[in-house]
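Peer 1: Listed in order, the protein sequences are those of chains P and F.
1 is the number of the first residue of the first sequence in this note's numbering; add one for each residue after it.
1001 is the number of the first residue of the second sequence in this note's numbering; add one for each residue after it.
Hints listed in this document are in silico derivations from the structure and should not be mistaken for laboratory results.
Fair warning: there could be bad hints in the mix.
If you want the footprint, here are the derived chain P segments under chain F, 3+ residues with CB under 8 Å [as the list claims (entries may be wrong)]:
hint, stretch
1, 7 to 13
2, 111 to 122
Computed cross-link-like contacts, SDA-like style, restricted to lysine to any residue with a CA-CA straight-line distance of at most 20 Å [unchecked claim]:
hint, chain 1, residue 1, chain 2, residue 2
3, P, K261, F, E1157
4, P, K261, F, T1164
5, F, K1221, P, L166
6, P, K195, P, R296
Glycine residues also receive a C-beta, built at the ideal position from the N, C-alpha and C atoms.
In case you want the letters, here they are:
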Amino acid sequence: MINKGAGDARLARFLVGGPPLLFLVIFFVAPSLIMILTSFRFPGEFGGLAPVTPPGDTVAGEHGLTAEAYQFFFGDILYAEIFLKSFVVASATTLICLIMAYPLAILIARSKKRFRNLMVLLVVLPFASNFLIRIYAWMIILGPESGLSHFINAILGALGIPPVTLLFSSFAVLVGMVYVHLPFMVLPLYTNLEKHDPSLLDAAQDLGANSWQRFWRVTWPLSLPGVFSGSALVFIPVLGMFAVPEILGGTGDILIGNLIKDQFLGTRDWPFGSVLSIMLTLAVLSVAGLATWFSRFAAGQRA
Amino acid sequence: MNGLRTMGSPVSLVFLLAWLVLFSTGCARHDQHTIDGAKNVLHLFNWNNYIAPETMDRFEAFCNCELSQDYYSDNEEMLAKLAAGATGYDLIVPTGNAMDALIRQGALKPLDKSLLPNLENINPAYLDTAFDPGNKYSVPYAYTLTLLGFNQEKISELGLPVDTWAIIFEPEYLEKIRGRVTVLDSQRELMAAALKYLGYSVNDVDENHWQEAADLIVRAKPYWAAFSNTSYVKELAVGNLWVAHGYSNDMFQAAFDAKKTGRRFTIGYSTPKEGAVLALDSMVLHRSGSRPDLAHQFINFMLDGKNSAELTNLIGSGNPNMDAMQYIRPEIARNEAIFPDPELLTRLEMLRDLDRKQRRLLSRLWTEIKLR
Chain P
1 MINKGAGDAR
11 LARFLVGGPP
21 LLFLVIFFVA
31 PSLIMILTSF
41 RFPGEFGGLA
51 PVTPPGDTVA
61 GEHGLTAEAY
71 QFFFGDILYA
81 EIFLKSFVVA
91 SATTLICLIM
101 AYPLAILIAR
111 SKKRFRNLMV
121 LLVVLPFASN
131 FLIRIYAWMI
141 ILGPESGLSH
151 FINAILGALG
161 IPPVTLLFSS
171 FAVLVGMVYV
181 HLPFMVLPLY
191 TNLEKHDPSL
201 LDAAQDLGAN
211 SWQRFWRVTW
221 PLSLPGVFSG
231 SALVFIPVLG
241 MFAVPEILGG
251 TGDILIGNLI
261 KDQFLGTRDW
271 PFGSVLSIML
281 TLAVLSVAGL
291 ATWFSRFAAG
301 QRA
Chain F
1001 MNGLRTMGSP
1011 VSLVFLLAWL
1021 VLFSTGCARH
1031 DQHTIDGAKN
1041 VLHLFNWNNY
1051 IAPETMDRFE
1061 AFCNCELSQD
1071 YYSDNEEMLA
1081 KLAAGATGYD
1091 LIVPTGNAMD
1101 ALIRQGALKP
1111 LDKSLLPNLE
1121 NINPAYLDTA
1131 FDPGNKYSVP
1141 YAYTLTLLGF
1151 NQEKISELGL
1161 PVDTWAIIFE
1171 PEYLEKIRGR
1181 VTVLDSQREL
1191 MAAALKYLGY
1201 SVNDVDENHW
1211 QEAADLIVRA
1221 KPYWAAFSNT
1231 SYVKELAVGN
1241 LWVAHGYSND
1251 MFQAAFDAKK
1261 TGRRFTIGYS
1271 TPKEGAVLAL
1281 DSMVLHRSGS
1291 RPDLAHQFIN
1301 FMLDGKNSAE
1311 LTNLIGSGNP
1321 NMDAMQYIRP
1331 EIARNEAIFP
1341 DPELLTRLEM
1351 LRDLDRKQRR
1361 LLSRLWTEIK
1371 LR
């Protein structure tokens, strides 16, 4: 009886865990392995890859395996710079999203139940229109002939400051990044904050805590899991984003995503593109690992 | 995380199934080519908006067949689709260097010139290119120049020259148009402009010359608003940009848009005297096509001056067809940016493909340009 029960449990665990595991294997492990293999090959003459085995009567060229692409990556400080730059942009975006999303999430979590769903709907409503159209809309909003630009430059002019251009700048990239990713921060924060027991705050107040102390000593520590998952949901996609800098960015706004895209389209250098992607994956995994460790650490502190 | 776990396996399964269904329909599409191959269909793999609708209708009536088109918006996309196994296309319209790749891959069928009497309409200057000596595989269709578009009123007000690349590279001119200039977000095109300005060939692969060109670009970069491949059309037409490095047919579009919306300025464009990139698109027969008979009919039909002229009248493309000139609207035929005089024509060059080492090197240089 006991054995049978254990077997059932194992079967149940397999049935529940199997499909997601299969999903991970098909859509993460297998592509990663393909990418690793690709990174050790030679780029093909017309794009694609050169053959691993010696070519027969086809076009002569290099074949086999090589670590050349890795040498190229590590032989140049340039690529470390661009990683660093992407991390700075991703961190800034995450921080701004957090600062903007937190009050909103609290507002939603503490408003009346019948309004909450409507407010959450409003947060995700922008997803109803295409991502690129929303980014193009920002081109109009930030453009030099836009009302916003005229308004800002009128104020700056009155203060004797030379006019600024908003579009095609790192500022525009940051605006676009924050705009696109804000819902990904709001939703996990809201989900977390909604579950807080209001009586904890009442208790804190009875014990003499002022409103700041109630937030900093009660709400904030309890919301940390939401903060971490929201941050990961913003930070990781921003690292790989190429469309926003391409459309809103100026002449210096190149991120790691743009570089990878370039390798596959313009330069037709799949092995080097794979090396860059692998490095990005490693970077993202270490950030995710770090976030997990932090949230465990934070949870441990509370316990 | 909890949310995901409680979603459970049925949902993931549904997702998986949805993916599979999506993928399988994606593959199944190509089978249709063989099914309707029996009822006179010509499959054309063409650029977006690269044939006039009235030309299409007339061809369908002429050949008693149906013209089915799939579209691409750049050569790399077309090559990638073919490399991924897309088949069933009778005709493709690649640019020179992409055609070169297709020829060397053995992906094309040779033409039967006895079926193409109208070939004599093509200006010999556009025949016998380095990509396809003797035009064994290709017939010129239309061309584009990479040149400078500008806001006519602003430029004459500021007294800037528009017949030289200097306007996008020299700080003395750029000073006056800071933040109102864009250049193409293309390694090859921008380097070509810089190399031409320095007096080299667009196909120069000397590393020192590349470095010189990169230095020129880095020096000019702070004055540019952005690297732009498409948005400059709109931005020029609404007056946000004063100078743009771009393609002649895009400039034609921008000029048209500015006029149509009644702006108080006009958009002009001209080819710099140092020379520029000429991109010649040619009709070629893909190996996988099942109707070479219809494909030859189509090519010969498009070589007819009247049919060829319609495309130029529609999108302002350059036209290598001498017979077409009489049907092209006079204001386009007179436009020297679209139809360069013979003297300038000698300084226009077509981009040749780089080998893999050069590509990687150029990409590195490009990354440095962007990061600096």
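Peer 1: When you check the alpha-carbon spacing of K261/P and T1164/F, does it fall within 20 Å?
Peer 2: Judged against 20 Å, a Cα distance of about 32 Å means the pair is violated.
Peer 1: Straight-line Cα separation of K1221/F and L166/P no greater than 20 Å?
Peer 2: 17 Å, holds
Peer 1: For the stretch 7 to 13 of chain P, does the count of residues with a C-beta closer than 8 Å to a C-beta of chain F reach 3?
Peer 2: The restraint on the stretch 7 to 13 of chain P is violated, since only 0 of its residues have a Cβ under 8 Å from chain F and three are required.
Peer 1: Please check whether the stretch 111 to 122 of chain P has three or more residues whose CB lies within less than 8 Å of a CB on chain F.
Peer 2: Per the Cβ count (0), the hint is violated.
Peer 1: Holds or violated: K261/P with E1157/F, Cα cutoff 20 Å?
Peer 2: Violated - the C-alpha atoms of E1157/F and K261/P are around 40 Å apart, more than 20 Å.
Peer 1: Does the alpha-carbon distance linking K195/P and R296/P stay inside the 20 Å limit?
Peer 2: The given pair, whose Cα atoms are some 19 Å apart, holds under the 20 Å limit.
Going down the numbered hints, you'll see the structure goes against 1, 2, 3, 4, while the others check out.
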